[in-house]
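S.K.: In case you want the letters, here they are:
There are 2 protein chains.
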Amino acid sequence: MTHPTRDEIELPAVLHALSDPVRLKMVRYLADAGAEQTCRSFDVPVTKSTCTHHFKVLREAGIIHQRQQGTARLNALREEDLEARFPGLLDTILAAA
Amino acid sequence: MTHPTRDEIELPAVLHALSDPVRLKMVRYLADAGAEQTCRSFDVPVTKSTCTHHFKVLREAGIIHQRQQGTARLNALREEDLEARFPGLLDTILAAA
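So the sequence lines, in the order shown, correspond to chains P and E.
Note that my numbering gives residue 35 to position 35 of the first sequence, counting from 1, and the numbers run on in steps of one.
Note that my numbering gives residue 5 to position 5 of the second sequence, counting from 1, and the numbers run on in steps of one.
Since the hints were made in silico from the structure, they are not lab data.
C-beta: ideal position from N, C-alpha, C; glycine also.
Some clues are possibly wrong.
As the list claims (entries may be wrong) - No farther apart than 25 Å at their CA atoms in a straight line, the calculated lysine to any residue pairs in the SDA-like style are these:
| id | chain 1 | residue 1 | chain 2 | residue 2 |
| --- | --- | --- | --- | --- |
| 1 | P | K25 | E | R85 |
| 2 | E | K25 | P | L94 |
| 3 | E | K56 | P | A97 |
| 4 | P | K25 | E | A84 |
| 5 | P | K25 | E | E60 |
| 6 | P | K25 | P | T47 |
| 7 | P | K25 | P | P87 |
| 8 | E | K48 | E | A76 |
| 9 | E | K56 | P | P12 |
| 10 | P | K25 | E | P4 |
| 11 | P | K48 | P | T92 |
| 12 | P | K56 | P | D20 |
| 13 | P | K25 | E | G88 |
| 14 | P | K56 | P | A35 |
| 15 | P | K56 | P | A76 |
| 16 | P | K25 | P | S49 |
| 17 | E | K25 | E | D43 |
| 18 | E | K56 | P | H16 |
| 19 | E | K25 | P | T92 |
| 20 | P | K25 | E | S19 |
| 21 | E | K48 | E | E36 |
| 22 | E | K56 | P | D20 |
| 23 | E | K56 | E | V46 |
| 24 | P | K56 | P | L24 |
| 25 | E | K25 | P | A84 |
| 26 | P | K25 | E | V46 |
| 27 | E | K48 | P | P12 |
| 28 | E | K25 | P | E10 |
| 29 | E | K25 | P | L11 |
| 30 | E | K56 | E | Q66 |
As the list claims (entries may be wrong) - Partial list, computed: chain P residues near chain E (C-beta under 10 Å):
| id | residue |
| --- | --- |
| 31 | L15 |
| 32 | L24 |
| 33 | A96 |
| 34 | A97 |
Make the full structure from the sequences, and use the hints.
M.R.: What follows is the structure, given as structure tokens:
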């Protein structure tokens, strides 16, 4: 799984990734959880493959970090990277959502 | 030309509209100008029809207001509406861009 480095995180990709209501809900959930979560822990009305797709979009945009642990894929919000790159952006968007 | 009312402005549509680098540049230009602008006044590397399309996306998302004056279509940023609906969002995104 490839992840953009902090400097490679681009605003258009971040905004695009967050422009989907389901992905926004996932990010909100990760922000509230404050820890790694698996796909199945999310209370969103989508199939597992759609969930996997949404996480891929979030990962490629640099919003989440994914790692494999056995058969589980763990997802964590890249809050520090996002805050360093675009100060206040994530908080403002989550407050607006 | 239809415009969403302030209450009809939705976050996913706003983020999607701003997820395009050209549209983000247009919004930045409108914010700096602080007044209505015509399509041709924008220094963006796109054709007139593409420019028209981008403005339509911005209008339908509730980011700009468009009005016809003779043969010219004037575009203005809906800063007050956006600030009321999503406090700090536009400024934070423009600061990040």
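S.K.: Evaluate each hint against the coordinates.
M.R.: Cross-check of the supplied hints:
{"no.": "1", "hint": "K25/P - R85/E", "verdict": "19 Å, holds"}
{"no.": "2", "hint": "K25/E - L94/P", "verdict": "23 Å, holds"}
{"no.": "3", "hint": "K56/E - A97/P", "verdict": "23 Å, holds"}
{"no.": "4", "hint": "K25/P - A84/E", "verdict": "22 Å, holds"}
{"no.": "5", "hint": "K25/P - E60/E", "verdict": "23 Å, holds"}
{"no.": "6", "hint": "K25/P - T47/P", "verdict": "15 Å, holds"}
{"no.": "7", "hint": "K25/P - P87/P", "verdict": "21 Å, holds"}
{"no.": "8", "hint": "K48/E - A76/E", "verdict": "18 Å, holds"}
{"no.": "9", "hint": "K56/E - P12/P", "verdict": "18 Å, holds"}
{"no.": "10", "hint": "K25/P - P4/E", "verdict": "23 Å, holds"}
{"no.": "11", "hint": "K48/P - T92/P", "verdict": "29 Å, violated"}
{"no.": "12", "hint": "K56/P - D20/P", "verdict": "13 Å, holds"}
{"no.": "13", "hint": "K25/P - G88/E", "verdict": "20 Å, holds"}
{"no.": "14", "hint": "K56/P - A35/P", "verdict": "18 Å, holds"}
{"no.": "15", "hint": "K56/P - A76/P", "verdict": "12 Å, holds"}
{"no.": "16", "hint": "K25/P - S49/P", "verdict": "17 Å, holds"}
{"no.": "17", "hint": "K25/E - D43/E", "verdict": "9 Å, holds"}
{"no.": "18", "hint": "K56/E - H16/P", "verdict": "18 Å, holds"}
{"no.": "19", "hint": "K25/E - T92/P", "verdict": "20 Å, holds"}
{"no.": "20", "hint": "K25/P - S19/E", "verdict": "18 Å, holds"}
{"no.": "21", "hint": "K48/E - E36/E", "verdict": "17 Å, holds"}
{"no.": "22", "hint": "K56/E - D20/P", "verdict": "20 Å, holds"}
{"no.": "23", "hint": "K56/E - V46/E", "verdict": "14 Å, holds"}
{"no.": "24", "hint": "K56/P - L24/P", "verdict": "14 Å, holds"}
{"no.": "25", "hint": "K25/E - A84/P", "verdict": "22 Å, holds"}
{"no.": "26", "hint": "K25/P - V46/E", "verdict": "34 Å, violated"}
{"no.": "27", "hint": "K48/E - P12/P", "verdict": "22 Å, holds"}
{"no.": "28", "hint": "K25/E - E10/P", "verdict": "14 Å, holds"}
{"no.": "29", "hint": "K25/E - L11/P", "verdict": "12 Å, holds"}
{"no.": "30", "hint": "K56/E - Q66/E", "verdict": "9 Å, holds"}
{"no.": "31", "hint": "L15", "verdict": "4 Å, holds"}
{"no.": "32", "hint": "L24", "verdict": "7 Å, holds"}
{"no.": "33", "hint": "A96", "verdict": "4 Å, holds"}
{"no.": "34", "hint": "A97", "verdict": "6 Å, holds"}
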